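Top to bottom, those sequences are chains Z and B. Counting with this note's numbering, you get residues 20 to 222 for the letters of the first sequence. Counting with this note's numbering, you get residues 14 to 373 for the letters of the second sequence.
To be clear, the hints were calculated from the coordinates, so they are not data collected in a lab. Don't take each hint at face value.
Straight-line C-alpha distance at most 20 Å; calculated PhoX-like pairs for lysine-lysine [stated by the list, open to error]:
#: 1; chain 1: Z; residue 1: 202; chain 2: Z; residue 2: 213
#: 2; chain 1: Z; residue 1: 201; chain 2: Z; residue 2: 118
#: 3; chain 1: Z; residue 1: 118; chain 2: Z; residue 2: 97
#: 4; chain 1: B; residue 1: 168; chain 2: Z; residue 2: 108
#: 5; chain 1: B; residue 1: 265; chain 2: B; residue 2: 19
#: 6; chain 1: Z; residue 1: 156; chain 2: B; residue 2: 168
#: 7; chain 1: Z; residue 1: 97; chain 2: Z; residue 2: 114
#: 8; chain 1: B; residue 1: 325; chain 2: B; residue 2: 217
#: 9; chain 1: B; residue 1: 168; chain 2: Z; residue 2: 118
#: 10; chain 1: Z; residue 1: 118; chain 2: Z; residue 2: 108
#: 11; chain 1: Z; residue 1: 118; chain 2: Z; residue 2: 156
#: 12; chain 1: Z; residue 1: 95; chain 2: Z; residue 2: 185
#: 13; chain 1: B; residue 1: 214; chain 2: B; residue 2: 225
#: 14; chain 1: Z; residue 1: 114; chain 2: B; residue 2: 168
#: 15; chain 1: B; residue 1: 270; chain 2: Z; residue 2: 156
Please read these numbers as outputs of a predicted model, since none were measured by experiment.
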Amino acid sequence: MAEEKSVSTPPAPKGAAAPKHVVVGQYPPPPDISRRNFLMSWAGLAWGTFTLANGVGAAATLRFMMPNVLFEPPQKFKAGKLDDYEWDKPDERFKTAQKAWLMKTHADWNKKPAFIALDTTCTHLGCTPNVLFSESKIKCPCHGSGFRFNGVNFEGPAPRPLERYKVYLDPIDGQIIVDKTKKFLYEKGEWEDKESYIDLSSA
Amino acid sequence: MPLFIKEFLNNFFNPTVYVVISIIGFVVMMATYRVWTKPRIAMGLLALMVLFFIASWSDPNFNKIVTKPDNVPIVSLVFILGFFLWLSLRQAAINDERIERGEPPREATEANDRVLVWPDLVYSELICMVIFTAVLVLWSVFIPAPLEEPANPGKTPNPSKAPWYFLGLQEMLVYFDPWIAGVVLPTMIITGLICIPYCDKNPKGVGYYTLKERPFAITTFLFGFIVLWVTLIIMGTALRGPNWNFFGPYEKWDVHKLETLSNVNLSEYFWIHLLHKGLPEHWFARELPGILLILGYMFVMPPLLAATVCRKMFQQIGFLRYNIVILHLIVMAGMMIKMVLRWTINLKYIVFIPEYFFNI
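All chains should be built: construct the whole structure from the sequences, respecting the hints.
Shown next, in the form of structure tokens:
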């Protein structure tokens with residue numbers, strides 16, 4: 020290779036492995052820039068600004084997730100006294116506002132009497148089912164899922180029972196308090212939790 | 014229409030019968046496409062359809078469903094689809110007979126009859142445009158938009174129906190978990206359509222109608238479109254009433270109709286009914302039969318078919334194309350199998366893992 024010539028390169032910064040030789044006419048000389056120089060260069064400035072702008076945008080998005088005012092009903096609400104409720108009939112007075120059916124039932128899933136609060140969201144695809152009082156079941160009009168009054172699914176495609184809210188009695192005035200921030204899922208064995216119902220065995 | 018026929022049809026129809034009839038009808042239609050597309054027989058079939066509509070018109074329940082503003086497109090769809098199906102299969106029948114006689118297809122001899130885009134085609138298009146605009150205007154004047162009261166989270170309409178073109182999917186959702194009927198299956202419809210030009214190596218049938226030279230491609234497509242899409246739309250429109258119960262064509266939509274739909278999972282069938290044991294504690298042990306069944310179906314069926322029924326196809330299109338085609342095909346068939354299992358043995362889910370929201 021007669022026409023290939025080894026040319027001396029400009030002195031490389033310490034530590035950086037400089038190429039021994041370049042083939043003339045084929046490769047451009049390596050850019051004379053170290054990592055430290057890059058950060059101070061125009062490219063570094065551009066990338067830095069870009070990163071900063073995106074970071075601020077992401078932070079603003081995160082802030083947006085925590086609004087100052089929430090136009091939602093409070094997640095915890097008082098639902099009157101136990102005597103206000105009929106036995107074995109889902110009460111629909113909080114259905115629209117709170118998406119909850121409240122009920123005193125003689126036959127909970129474990130055959131014990133209890134007061135429960137059911138979420139009115141179908142566990143199949145999230146429609147709001149209707150209570151069919153004459154058929155003693157809760158029936159979803161979207162795909163035909165059916166639930167017993169105590170929330171256990173028994174027909175149609177719904178894969179699991181309706182979810183339950185935490186319920187307890189206010190120690191001061193004896194009113195029922197439904198806390199929607201805590202949910203109890205049957206398939207995870209959470210309905211055994213004492214917070215998922217009010218025990219009415221003595222009533 | 015006499016009462017006893019109505020009673021019979023109401024009692025006779027249920028989802029199983031409806032889908033079985035639509036499948037048998039489809040098979041007969043494809044097998045005898047040269048016979049029934051003959052103009053006289055086709056006219057007779059059309060006359061029967063019209064007669065059925067006229068005879069049923071006086072029935073209040075039938076009339077209510079057919080004349081509902083939402084359902085007018087579906088009723089016209091039945092006739093329009095029938096017409097275009099007849100048109101294409103009639104052309105295919107004529108061409109197939111010509112090809113059997115050794116003649117070129119009709120389209121090849123029509124080269125001299127070609128027309129100019131301007132003015133012939135554009136002129137026809139203009140007329141079509143005017144007619145369709147007039148039809149749409151008249152439609153909107155005489156059939157008011159089916160608007161309902163404002164949405165109310167406390168009162169779900171019963172039945173709650175998707176837009177008419179999604180009713181086939183809504184029907185699938187009765188048998189499957191949302192993620193599979195709402196995400197996986199529609200995605201596979203689209204990927205299947207995308208794959209057609211890459212997997213179809215058959216060079217025949219370009220520019221002319223034929224069924225005999227492309228039996229697999231056309232039959233498979235029509236099965237997916239007519240049986241799995243259109244007939245399910247018709248079923249969802251006309252035969253699904255309150256609480257998503259099934260109603261006969263002349264049956265009153267009674268909110269209190271009782272239908273026993275109690276379903277049993279495969280794990281319960283296997284462990285309790287077959288082995289007379291309790292369900293195993295851990296979900297994996299409990300669902301092992303279903304998981305094995307699904308894996309077997311997905312991974313054993315393709316090589317099995319390649320060695321037997323689809324041997325010729327496998328040799329023609331090669332390993333990768335074959336697997337893509339057969340994957341879509343067995344999922345399509347699996348959909349029907351699951352529906353039939355639900356109706357016959359009340360099978361709810363084959364794999365049932367509510368702990369991880371995974372049900373098949």
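Each hint, compared with the structure:
1. Z/202 <-> Z/213: holds (12 Å)
2. Z/201 <-> Z/118: Roughly 14 Å separates the two Cα atoms, so the pair holds.
3. Z/118 <-> Z/97: holds (14 Å)
4. B/168 <-> Z/108: Given pair residue 168 of chain B, residue 108 of chain Z holds - Cα atoms ~18 Å apart, limit 20 Å.
5. B/265 <-> B/19: holds (12 Å)
6. Z/156 <-> B/168: Holds, at about 16 Å.
7. Z/97 <-> Z/114: holds (14 Å)
8. B/325 <-> B/217: holds (17 Å)
9. B/168 <-> Z/118: holds (11 Å)
10. Z/118 <-> Z/108: The given pair, whose Cα atoms are some 16 Å apart, holds under the 20 Å limit.
11. Z/118 <-> Z/156: Cα-Cα ~17 Å, so holds.
12. Z/95 <-> Z/185: Holds, at roughly 9 Å.
13. B/214 <-> B/225: holds (16 Å)
14. Z/114 <-> B/168: Holds: residue 114 of chain Z and residue 168 of chain B sit about 9 Å apart, inside 20 Å.
15. B/270 <-> Z/156: holds (13 Å)
The structure is consistent with each of the numbered hints, conforming to all of them.
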